[in-house]
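Enquirer: Protein sequences, first through last, are from chains V, C, P and A. According to the working numbering, the stretch in the first sequence is residues 147 to 290, in order. According to the working numbering, the stretch in the second sequence is residues 147 to 290, in order. According to the working numbering, the stretch in the third sequence is residues 147 to 290, in order. According to the working numbering, the stretch in the fourth sequence is residues 147 to 290, in order.
If you're looking for bench data, these hints aren't it; they were derived computationally from the structure. Don't take every hint at face value.
Remember, identical chains collapse to one label, so a pair may be satisfied in a single copy or spanning two.
Unchecked claim - As a list, the in silico BS3-like pairs of lysine-lysine whose alpha-carbon atoms are at most 25 Å apart:
#1 K272 <-> K255
#2 K249 <-> K272
#3 K272 <-> K252
Protein chains: 4
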Amino acid sequence: MNTPTSAYDRVAASFERQGMMRLLGAELRRVEPGRVEIWLPYSEILTQQQAGFHGGAIGTVADVAGGYAGLTLAPEGMEVVTVEYKINFLSNFTDGTLRVVGKVVKSGKRLIVTTAEVDHIGADGKESACALMQQTLVPVQQTY
Amino acid sequence: MNTPTSAYDRVAASFERQGMMRLLGAELRRVEPGRVEIWLPYSEILTQQQAGFHGGAIGTVADVAGGYAGLTLAPEGMEVVTVEYKINFLSNFTDGTLRVVGKVVKSGKRLIVTTAEVDHIGADGKESACALMQQTLVPVQQTY
Amino acid sequence: MNTPTSAYDRVAASFERQGMMRLLGAELRRVEPGRVEIWLPYSEILTQQQAGFHGGAIGTVADVAGGYAGLTLAPEGMEVVTVEYKINFLSNFTDGTLRVVGKVVKSGKRLIVTTAEVDHIGADGKESACALMQQTLVPVQQTY
Amino acid sequence: MNTPTSAYDRVAASFERQGMMRLLGAELRRVEPGRVEIWLPYSEILTQQQAGFHGGAIGTVADVAGGYAGLTLAPEGMEVVTVEYKINFLSNFTDGTLRVVGKVVKSGKRLIVTTAEVDHIGADGKESACALMQQTLVPVQQTY
Numbered sequence: 147m148n149t150p151t152s153a154y155d156r157v158a159a160s161f162e163r164q165g166m167m168r169l170l171g172a173e174l175r176r177v178e179p180g181r182v183e184i185w186l187p188y189s190e191i192l193t194q195q196q197a198g199f200h201g202g203a204i205g206t207v208a209d210v211a212g213g214y215a216g217l218t219l220a221p222e223g224m225e226v227v228t229v230e231y232k233i234n235f236l237s238n239f240t241d242g243t244l245r246v247v248g249k250v251v252k253s254g255k256r257l258i259v260t261t262a263e264v265d266h267i268g269a270d271g272k273e274s275a276c277a278l279m280q281q282t283l284v285p286v287q288q289t290y
Numbered sequence: 147m148n149t150p151t152s153a154y155d156r157v158a159a160s161f162e163r164q165g166m167m168r169l170l171g172a173e174l175r176r177v178e179p180g181r182v183e184i185w186l187p188y189s190e191i192l193t194q195q196q197a198g199f200h201g202g203a204i205g206t207v208a209d210v211a212g213g214y215a216g217l218t219l220a221p222e223g224m225e226v227v228t229v230e231y232k233i234n235f236l237s238n239f240t241d242g243t244l245r246v247v248g249k250v251v252k253s254g255k256r257l258i259v260t261t262a263e264v265d266h267i268g269a270d271g272k273e274s275a276c277a278l279m280q281q282t283l284v285p286v287q288q289t290y
Numbered sequence: 147m148n149t150p151t152s153a154y155d156r157v158a159a160s161f162e163r164q165g166m167m168r169l170l171g172a173e174l175r176r177v178e179p180g181r182v183e184i185w186l187p188y189s190e191i192l193t194q195q196q197a198g199f200h201g202g203a204i205g206t207v208a209d210v211a212g213g214y215a216g217l218t219l220a221p222e223g224m225e226v227v228t229v230e231y232k233i234n235f236l237s238n239f240t241d242g243t244l245r246v247v248g249k250v251v252k253s254g255k256r257l258i259v260t261t262a263e264v265d266h267i268g269a270d271g272k273e274s275a276c277a278l279m280q281q282t283l284v285p286v287q288q289t290y
Numbered sequence: 147m148n149t150p151t152s153a154y155d156r157v158a159a160s161f162e163r164q165g166m167m168r169l170l171g172a173e174l175r176r177v178e179p180g181r182v183e184i185w186l187p188y189s190e191i192l193t194q195q196q197a198g199f200h201g202g203a204i205g206t207v208a209d210v211a212g213g214y215a216g217l218t219l220a221p222e223g224m225e226v227v228t229v230e231y232k233i234n235f236l237s238n239f240t241d242g243t244l245r246v247v248g249k250v251v252k253s254g255k256r257l258i259v260t261t262a263e264v265d266h267i268g269a270d271g272k273e274s275a276c277a278l279m280q281q282t283l284v285p286v287q288q289t290y
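Construct all of the structure, not just a fragment, from the sequences and the given hints.
Expert: What follows is the structure, encoded as structure tokens:
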């Protein structure tokens, strides 16, 4: 008997296949239809030349959060690939954790558009805007 | 006696400060005024769920190549930070090496605009387009 | 005696200087600190080859709404210019009115980041998402 | 007997259907496979508040030049629609003509990626970079 996969299980199964997510130390925290939350704790391996979070690490997790938000709304048997994204960096931080929330703006049969908001959470719990991404995905047949 | 830093030395000094470049295994290959070339060999740590190069790894190296192309034209004592970038993914690959070439399109006092072309080089030497990035930088005072 | 200009008056004075806003028939509807709303009624002059709203017309009004949202937060004597924007088109329409709402995401001394949401309002009042923009502005000295 | 449409005729037929191109006074100048050139002469109707070319007018023509470059490579019976574009403004001008050259970077069955370079040509023939666009298109069935 087949049990339909929950949104969380579906995203987690794909997340674990990404060598890059392990490499960065990213954590899948919450999955709802059309919304995925990933956390990225600060680490020296993630830095740019000023010891802040590297824009590439921020962009990577934003790309993934948006992509998995899209995946939650794609039909079973399909996955999504990123066509393109655009990200603005708002402030940089040298500690704490980034909370990255991907959300679907429009889910079509041929194209999915998402955003990801990246906020910094300091040791004292203070939240500050860090980055904002806008992304285009296409659904494709899952082949593995 | 002060010797003016060569464009290569200046970029290399900053490149080595980036934990993220070591993490990904990126190699600084060539630096000319307004042009920087970085190579990224395939590795399992860099993968997405289909075992291809992760878009985040590609985006990271494109961001860095564009940024350092900008740095070569910034006055001594200044460095650059990324305001935003936008990247299109053209084809994906599960082996070989990515050659990422950042180029300055316009270098102004307040803003620098660059592009980065990412090409895949296969084991047989065949070259294929992989990604295209467009980026905005600002020059800032170097503080370290 | 000088009276400080209201946010609305400030934006309206600049809006009226734009030949392009008159040309398109765009209407400045509401101005609050960090938020500007412009309406664009459908017209045959605004069409692309399928008789829908032209992406360029949509992009123009989104650019302007984001820009003026930024202007409401810029110091007196400054205005803003667009560094770049990115826009996704979500659905097209061949009638009705577009409501374009620009909002400031982050207002810094050197850079301002905004978004604009474009929604279609049909003759029956039905609202649908039309486009989404993300934009970077710089404040500059006003010279006229 | 059917004669296959030339690339120029195909683009020109669609160009003439765009109310927006007439409105702006844009001129289709050259069409080759994968490359389309449009000129936009300065006019007071095209201005922003500083009397320069409006970013929206520049973005519109860049969008169209990239789109038609894509159309030249799409199969007969198909046309293209813009998924999204991103444009950087490099310098502004209050006279002369803009030469907008759209080029296909990658033409796939599901997605087409293009760029458009916008250069200013002064009364004295001097050329200067004005803007740079990167764009994603999808081919769709032509319905008219």
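Enquirer: Each hint needs a verdict: does it hold in this structure or not?
Expert: Here is how each hint holds up against the structure:
In this assembly of identical chains, the alpha carbons of K272 and K255 lie at most 25 Å apart only when taken from different copies (22 Å versus 39 Å within one copy). With identical chains, the CA atoms of K249 and K272 are at most 25 Å apart both within one copy (22 Å) and between copies (23 Å). In this assembly of identical chains, the alpha carbons of K272 and K252 lie at most 25 Å apart only when taken from different copies (17 Å versus 31 Å within one copy).
Of the numbered hints stated above, none is contradicted by the structure.
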